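For reference, the chains in residue letters:
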Amino acid sequence: QKEVEQDPGPLSVPEGAIVSLNCTYSNSAFQYFMWYRQYSRKGPELLMYTYSSGNKEDGRFTAQVDKSSKYISLFIRDSQPSDSATYLCAMSLGGFKTIFGAGTRLFVKA
Amino acid sequence: NAGVTQTPKFQVLKTGQSMTLQCAQDMNHNSMYWYRQDPGMGLRLIYYSASEGTTDKGEVPNGYNVSRLNKREFSLRLESAAPSQTSVYFCASSQRGGANTGELFFGEGSRLTVL
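Note that the protein sequences, when read in sequence, are chains A and B. Using our numbering, read the first sequence as starting at 1 and increasing by one per residue. Using our numbering, read the second sequence as starting at 1 and increasing by one per residue.
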């Protein structure tokens with residue numbers, strides 16, 4: 001069993017839809033939770049960074065962490081075609097080793 | 001602002017050949033990393049360098065060696081390439097390490113095919 005599970009998709013939504021992306025994990029000791037966005041043939045770039053549980057909002061993006069359920073989510077409101085990318089969840093105990101999910105491919109249709 | 005620069009961007013090798021992937025960052029970051037990305041597997045850590053002069057194994061180090069040449073540069077070497085090493089390789093850097101690594105800044109990747 002992988003430490004971090006993420007549905008690879010693809011997920012296809014119309015422009016303006018609310019998108020929900022999710023990951024589950026097995027290691028209850030994870031403290032840092034991140035979402036990276038990766039455009040085709042580019043490197044990942046950080047979208048959201050959360051320490052421990054709770055919600056964090058940044059513009060159209062909201063990250064949620066539920067440590068009791070070992071479940072993290074990323075919500076995208078008013079999705080745009082420019083949001084079409086692969087979204088990678090990632091988590092860490094602290095330290096140098098960050099564990100990534102396999103990524104979910106998102107397509108937002110105009 | 002270049003950020004993290006990787007060379008080469010594409011490479012085709014034959015089984016048994018060797019090669020070195022180069023990485024340089026201009027953000028004065030302390031820590032640097034090499035990841036590989038395979039379909040369905042996500043990013044997996046090969047090696048990392050917490051600071052200049054140190055290197056440590058990650059999740060999948062077998063078949064690779066690394067050198068932290070100075071604070072800016074971190075290279076990844078394949079001594080005898082195998083088809084299983086066909087992948088996209090990403091170099092990354094971070095300002096902090098230890099208790100809170102913080103944001104990873106990635107290069108654009110090096111696409112390696114081993115025939």
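Because the hints were derived from the structure by calculation, they are not lab data. Quick caveat, the model's predicted, so the values are computed rather than measured. Hints may be right or wrong, so weigh each one.
Claimed, not checked - With the C-beta cut set under 10 Å, the calculated list includes, among others, these residues of chain A facing chain B:
| hint | residue |
| --- | --- |
| 1 | 4 |
| 2 | 6 |
| 3 | 10 |
| 4 | 13 |
| 5 | 17 |
| 6 | 18 |
| 7 | 29 |
| 8 | 58 |
| 9 | 60 |
| 10 | 61 |
| 11 | 67 |
| 12 | 90 |
| 13 | 99 |
| 14 | 102 |
Just so it is clear, CB atoms sit at the ideal spot from N, CA and C, and this is done for glycine as well.
Going down the list of hints, with the structure as the test:
1. Proximity of residue 4 (chain A) to chain B holds as hinted, the smallest CB-CB distance being about 7 Å (cut-off 10 Å).
2. Here the hint on residue 6 (chain A) is kept, as its CB sits about 7 Å from the closest CB of chain B, short of 10 Å.
3. Checking residue 10 (chain A) against chain B by beta carbon gives a least distance of about 13 Å; that is not within 10 Å, so the hint is violated.
4. Given the 10 Å rule on beta carbons, the hint for residue 13 (chain A) is violated: about 22 Å separates it from the nearest Cβ of chain B.
5. This hint is violated: residue 17 (chain A) has a C-beta 25 Å from the nearest C-beta of chain B, more than the 10 Å allowed.
6. Look at residue 18 (chain A): its Cβ only gets to about 25 Å from chain B, farther than 10 Å, so that hint breaks.
7. Interface restraint check: residue 29 (chain A) against chain B, minimum CB-CB distance 13 Å, threshold 10 Å, status violated.
8. The criterion of a C-beta within 10 Å of any C-beta in chain B is not met by residue 58 (chain A), whose closest approach is roughly 13 Å, and the hint is violated.
9. A least Cβ separation of about 20 Å between residue 60 (chain A) and chain B goes past the 10 Å threshold, and the interface hint is therefore violated.
10. Below 10 Å, beta-carbon pairs count as interface contacts, and residue 61 (chain A) has none with chain B, the closest being about 15 Å; its hint is therefore violated.
11. With 10 Å as the threshold, the beta carbon of residue 67 (chain A) stays out of range of chain B, its nearest partner Cβ sitting at about 17 Å, so the hint is violated.
12. The beta carbon of residue 90 (chain A) comes within 8 Å of a beta carbon in chain B, closer than 10 Å, and the hint placing it at the interface holds.
13. Of the supplied interface hints, the one on residue 99 (chain A) holds, with its beta-carbon coming within about 8 Å of a beta-carbon of chain B, less than 10 Å.
14. With a least beta-carbon distance of about 4 Å to chain B, the hint placing residue 102 (chain A) at the interface is held under the 10 Å criterion.
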